[in-house]
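Asker: Residue strings, one per chain:
Number of protein chains: 2
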Amino acid sequence: MTLIIDCHGHYTTAPAAHDEWRKAQIAAWRAGTDAPPYPDISDDDLRASVEANQLRLLGERGADMTIFSPRASVMGHHIGDAAVSQAWTRACNDLIARVVQLYPETFIGVCQLPQSPGVAIADSIAELERCVLEHGFVGCNLNPDPGGGHFTSPPLTDRAWYPFYEKMVELDVPAMVHVSGSCNPGLHATGAFYIAADTIAFMQFLEGDLFADFPTLRFIIPHGGGAVPYHWGRYRGLADMLKKPPLASHVMQNVYFDTCVYHQPGIDLLFEVIDPKNILFGSEMVGAVRGIDPETGQYFDDTKRYVDALGLDDTTRHAVYEGNARRVFPRLDAQLKAAGR
Amino acid sequence: MTLIIDCHGHYTTAPAAHDEWRKAQIAAWRAGTDAPPYPDISDDDLRASVEANQLRLLGERGADMTIFSPRASVMGHHIGDAAVSQAWTRACNDLIARVVQLYPETFIGVCQLPQSPGVAIADSIAELERCVLEHGFVGCNLNPDPGGGHFTSPPLTDRAWYPFYEKMVELDVPAMVHVSGSCNPGLHATGAFYIAADTIAFMQFLEGDLFADFPTLRFIIPHGGGAVPYHWGRYRGLADMLKKPPLASHVMQNVYFDTCVYHQPGIDLLFEVIDPKNILFGSEMVGAVRGIDPETGQYFDDTKRYVDALGLDDTTRHAVYEGNARRVFPRLDAQLKAAGR
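Same order as they appear, the protein sequences are chains A and B. My numbering applies: residue 917 is where the first sequence begins, and numbers increase by one. My numbering applies: residue 917 is where the second sequence begins, and numbers increase by one.
Pulled out of the complex, with its shape left as it was, chain A reads as follows (with noise of 0.2 Å):
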């Protein structure tokens, strides 16, 4: 027996006042005021926001849990200062772990990191270990461009962000790489932001040698990778006129992609070329994509069906929906276990 484990989904429909404290939190910041307290939300808000969309499509595709992590579109890292990110950051954290409370067999806490451009990434270790080690959080998101669509950051692979690798080494814990709203007027942040960011700390990984220093240290690359499986032929030939090792040791130890890819070409694709140790499911639910597919009368984000559709063994299939999160999140795992599952 399975469990279904989407391993990547945002708190997108979290309650309103908790969106209206970060308007007014902004508007503080800007009037050069303190922010009014935060809300009182209450556990029914929190389970009807839940109950009728994640909760509910969960149910009607068939998956069990999801790494549930604070809507990435607004962390905003590039909005306010590193005070306003620290304080909107462990509001949305601790609202995440009020959901993991209230449903502890379905969702498991991803938490957003306090970055703001030019702030030290040694300075978000304080909020990722109070999210593991008091809220029980498996992972974290690492945004890789907090300044917002100018990918002004240093790459991934420099050692700017050694302190934080070395943090997250040691509560051994992965990080998906994922960006948050784009105030670049030529990036849409779903559709171009996202997919560009994807891409580009792919090309990091493979153009450095970072998994040399931190032999255990796990990223997943959401959207499927962004274009490189698509690309992958190109990738293989700049590791090669780079001089770097075959993808599958330079990279490949340390790197997964989701399944976050919306039609079932896409899927084939993704899973004829990168192997399926490195896949994990996940459909970005309740995410970018809302819709449904005329092609096809099913939601563009219902990806559990496109990896149905693949027909994959039961040892391949296991892997992609439980065992390889199982795995990247060892934190998942013990958990799991320690409720007998």
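Rather than coming from a laboratory, the hints here were simulated on the basis of the structure. One should not assume that every hint holds.
Any copy, or any two copies together, can satisfy a pair, since identical chains are not distinguished.
[Stated by the list, open to error] List time: in silico DSBU-like cross-link candidates among lysine-lysine, alpha-carbon distance up to 30 Å:
(1) Lys-939 / Lys-1160
(2) Lys-939 / Lys-1193
(3) Lys-1220 / Lys-1253
(4) Lys-1083 / Lys-1220
(5) Lys-1193 / Lys-1160
(6) Lys-1193 / Lys-1159
(7) Lys-1253 / Lys-939
(8) Lys-1160 / Lys-1083
(9) Lys-1159 / Lys-1253
(10) Lys-1159 / Lys-1220
Fit chain B to the given chain A structure using the hints.
Answerer: Using the frame of chain A, we list chain B on its own:
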């Protein structure tokens, strides 16, 4: 009998004296002095530079013609100022014109533009006219990010680009959307910047309504359309969410993808999801990836092999190798007809 027309070839093998002059030009600009005079390059030097490379490979691979433009990665619009870009651009385009004159049956010209960050695109009109009207070029490479890797230009749908589009329409020439080298240490040129920029350009076209204003404007998005075919479901879904018409009418009357995708599964996907009327054969040869794929024993960039392996019907094959190129580049078609081809 089908002509095999490669729509995407750069002069990556220009004689060393050309590249040396560029270095001297940049050094002079940095020193605040005048650039040295452009060197004499003999016809024999030009012949040698393509006969050992592009001409040899065209012959070996069974292609007939290349739509030929200056080396994209060294257009270097972010280097120097407008005058530096202007002088370098003229030198590059004039070299292409000479190669075309030496091998008129094999090469046809596409120009780079004297773009420069912060300089109006209207300033590139004169060079486009010169190349089209005096050199017989049939298109141009338009850089959507002349800043070199921070995406600071307005989206391609912004009115700032319109004066140039008006001239493209008047001359009836298409543009390949093509960035140049990267000055961003996080963005490898051919592995990250190119593919990200391609993807971003498509999403800009999707988000805007450019082709309502310019119904006959035509763009080629190279490198197989970046990430777009792999994420075709996402883009169809985003068009729906943004209340745009279906992509077939909203974007794909005006936008074309080439076949610069360096493995069979990628080409298979491209042809599975994109109407072949929107696909132009291209190889980016001699270009980004020059090695031999150990999995196939063939050159990664021998994309004709992948296209041939599709087993296209005669009509589709003719369109992808010749017909679409003649339709997208009407001035190519006219020149071929004048030559009885």
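Asker: Give a verdict on every hint.
Answerer: Hints versus structure:
1. Lys-939 / Lys-1160: Between copies only: 28 Å across, 47 Å inside.
2. Lys-939 / Lys-1193: Intra 41 Å, inter 47 Å, cutoff 30 Å: neither.
3. Lys-1220 / Lys-1253: Close inside one copy (24 Å), not across copies (52 Å); limit 30 Å.
4. Lys-1083 / Lys-1220: neither (33 Å within a copy, 48 Å between copies)
5. Lys-1193 / Lys-1160: Within one copy, since 21 Å is at most 30 Å while 38 Å is not.
6. Lys-1193 / Lys-1159: Within one copy only: 25 Å inside a chain, 38 Å across chains, cut-off 30 Å.
7. Lys-1253 / Lys-939: neither (40 Å within a copy, 62 Å between copies)
8. Lys-1160 / Lys-1083: within (27 Å within a copy, 45 Å between copies)
9. Lys-1159 / Lys-1253: Result: close neither inside a copy nor across copies, 42 Å intra and 46 Å inter.
10. Lys-1159 / Lys-1220: between (38 Å within a copy, 26 Å between copies)
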